[in-house]
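A.B. asks: All chains should be built: construct the whole structure from the sequences, respecting the hints.
In order, the protein sequences belong to chains A and B.
Taking this note's numbering, the leading residue of the first sequence gets 1, the next gets one more, and so forth.
Taking this note's numbering, the leading residue of the second sequence gets 1, the next gets one more, and so forth.
Just so you know, the hints here were simulated from the structure itself, not pulled from any lab data.
All C-beta atoms in this analysis are idealised placements derived from N, C-alpha and C, irrespective of residue type, glycine included.
Be aware that one or more of the hints could be misleading.
Sample of chain B residues at the chain A side, in silico, Cβ under 10 Å [unchecked claim]:
hint, residue
1, Q6
2, Y36
3, P44
4, F105
5, G106
6, G108
7, I112
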Amino acid sequence: DAGITQSPRHKVTETGTPVTLRCHQTENHRYMYWYRQDPGHGLRLIHYSYGVKDTDKGEVSDGYSVSRSKTEDFLLTLESATSSQTSVYFCAISESNRGRSTGELFFGEGSRLTVL
Amino acid sequence: QQQVKQSPQSLIVQKGGISIINCAYENTAFDYFPWYQQFPGKGPALLIAIRPDVSEKKEGRFTISFNKSAKQFSLHIMDSQPGDSATYFCAASMYSGGGADGLTFGKGTHLIIQP
Numbered sequence: 001d002a003g004i005t006q007s008p009r010h011k012v013t014e015t016g017t018p019v020t021l022r023c024h025q026t027e028n029h030r031y032m033y034w035y036r037q038d039p040g041h042g043l044r045l046i047h048y049s050y051g052v053k054d055t056d057k058g059e060v061s062d063g064y065s066v067s068r069s070k071t072e073d074f075l076l077t078l079e080s081a082t083s084s085q086t087s088v089y090f091c092a093i094s095e096s097n098r099g100r101s102t103g104e105l106f107f108g109e110g111s112r113l114t115v116l
Numbered sequence: 001q002q003q004v005k006q007s008p009q010s011l012i013v014q015k016g017g018i019s020i021i022n023c024a025y026e027n028t029a030f031d032y033f034p035w036y037q038q039f040p041g042k043g044p045a046l047l048i049a050i051r052p053d054v055s056e057k058k059e060g061r062f063t064i065s066f067n068k069s070a071k072q073f074s075l076h077i078m079d080s081q082p083g084d085s086a087t088y089f090c091a092a093s094m095y096s097g098g099g100a101d102g103l104t105f106g107k108g109t110h111l112i113i114q115p
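C.D. replies: Spelled out as structure tokens, the structure:
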């Protein structure tokens with residue numbers, strides 16, 4: 001298994017509170033991604049990173065921010081959680097080959113977030 | 001706008017049968033097409049992938065068929081086993097563009113193999 005650790009694995013919070021999910025990798029991969037998984041929607045990209053302090057928005061980025069201050073850590077923050085952000089969040093990493101992503105993503109075990 | 005459409009949403013197959021899941025894409029710039037398998041409570045894991053320079057790729061009981069002109073690709077699971085029961089996702093990306101912006105996924109197919 002790829003060395004990806006997500007924390008917390010489960011969290012229940014209330015509407016309006018800030019939440020931070022952490023993804024930690026031991027593979028030294030350049031690319032990191034945050035996806036959310038919802039029934040009927042599959043996996044949708046929230047944000048991704050292509051290096052330290054280099055991040056960009058994905059398909060469903062509204063209400064989310066990210067930070068990557070170290071190669072191994074990619075943080076996803078919900079500034080003010082809403083019920084629509086109840087979901088399972090997956091972190092993924094990808095190797096680079098001559099500076100580009102190989103395209104093959106390795107996923108973590110997921111973080112289940114419930115916003116009441 | 002959904003760029004990768006997957007069908008069926010759910011599928012029940014008898015043990016030993018062939019499971020077939022189909023995907024269609026819209027963006028002709030896509031050039032990398034993987035399939036992921038996900039068991040309950042786990043993250044998706046890469047099963048098999050294909051690039052458009054070939055029309056078919058086989059790994060064990062799993063085969064991807066690719067039709068570039070129709071912009072379609074499919075996963076065939078031969079001799080389906082109960083252990084294959086999982087959710088399957090097709091995906092696509094622009095590998096030649098670096099693929100930095102990740103994969104675009106289909107909505108998934110929940111496969112049940114009945115013993």
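A.B. asks: Give a verdict on every hint.
C.D. replies: Cross-check of the supplied hints:
no.: 1; hint: Q6; in the structure: 8 Å, holds
no.: 2; hint: Y36; in the structure: 8 Å, holds
no.: 3; hint: P44; in the structure: 5 Å, holds
no.: 4; hint: F105; in the structure: 4 Å, holds
no.: 5; hint: G106; in the structure: 6 Å, holds
no.: 6; hint: G108; in the structure: 5 Å, holds
no.: 7; hint: I112; in the structure: 16 Å, violated
The structure fails to meet hint 7 from the earlier list, while all remaining hints are met.
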